[in-house]
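K.L.:
Residue numbers (this note's numbering), protein chains in the order written: chain A, 1 to 116; chain B, 1 to 114.
There's no promise every hint is true.
[What the hints assert, rightly or not] In silico BS3-like pairs for lysine-lysine, Cα to Cα no more than 27 Å straight-line:
1. K57(B) - K83(B)
2. K42(B) - K38(A)
3. K78(B) - K57(B)
4. K42(B) - K57(B)
5. K83(B) - K42(B)
6. K42(B) - K70(A)
7. K38(A) - K70(A)
8. K3(A) - K42(B)
9. K78(B) - K70(A)
10. K78(B) - K42(B)
11. K3(A) - K38(A)
12. K16(A) - K83(B)
13. K70(A) - K3(A)
14. K16(A) - K38(A)
What the hints contain is simulated information worked out from the structure, not anything from laboratory work.
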Amino acid sequence: AQKVTQAQTEISVVEKEDVTLDCVYETRDTTYYLFWYKQPPSGELVFLIRRNSFDEQNEISGRYSWNFQKSTSSFNFTITASQVVDSAVYFCALKGGGSTLGRLYFGRGTQLTVWP
Amino acid sequence: EPEVTQTPSHQVTQMGQEVILRCVPISNHLYFYWYRQILGQKVEFLVSFYNNEISEKSEIFDDQFSVERPDGSNFTLKIRSTKLEDSAMYFCASSDPGTPYEQYFGPGTRLTVT
Chain A
1 AQKVTQAQTE
11 ISVVEKEDVT
21 LDCVYETRDT
31 TYYLFWYKQP
41 PSGELVFLIR
51 RNSFDEQNEI
61 SGRYSWNFQK
71 STSSFNFTIT
81 ASQVVDSAVY
91 FCALKGGGST
101 LGRLYFGRGT
111 QLTVWP
Chain B
1 EPEVTQTPSH
11 QVTQMGQEVI
21 LRCVPISNHL
31 YFYWYRQILG
41 QKVEFLVSFY
51 NNEISEKSEI
61 FDDQFSVERP
71 DGSNFTLKIR
81 STKLEDSAMY
91 FCASSDPGTP
101 YEQYFGPGTR
111 LTVT
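Input sequences plus hints: build the corresponding full structure.
P.N.:
Printed below as a string of structure tokens:
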């Protein structure tokens, strides 16, 4: 079974603070894929990153960074120097390696609010 | 930048009515999906579609639901007889053969069943 847990329901920070969003996943697949999506107040889902299970290198993209640790089944997302525009719901998602078209399993999301 | 589009953005319907939600995936994408998100809850998979047939469907996708690719550009989700609990945001997604694991989502259709 595939499962994604985002234990933090809501996080509030003040602009310029760093914030880390946690994601813990469960899967029995040896090959799998992890994702982060952003859902701003307008409602669309914006793809942020994909990570393959065989690539544990951390990734940085501007103010965003991701820490993938297979040993703890975690794929955490850090925003450095947060901005008001970062306010959104962030979803972590998992896809098993079984098929190309496999469904994404989403966590419940973390509502991030960045105050000016 | 190419994007997935969905129409309408908001649909209000009465219980028992049929609705069709429309999606135009990114033009070179071959894999298509529908997901839904009940207000305040997580996004849930409904169905995936490839080569003009359903590849996988979830337990939510019962006989009331159907999908179709009526032409080369549209991908539709039909709900035959809507129930109150069908009220949700419905997202269409697509992915291309080169990076099939990266699903790009449309802006969603908010369905309200009264």
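K.L.:
Find the hints from earlier in the document that the structure breaks and name them by number, from lowest to highest.
P.N.:
9 and 12
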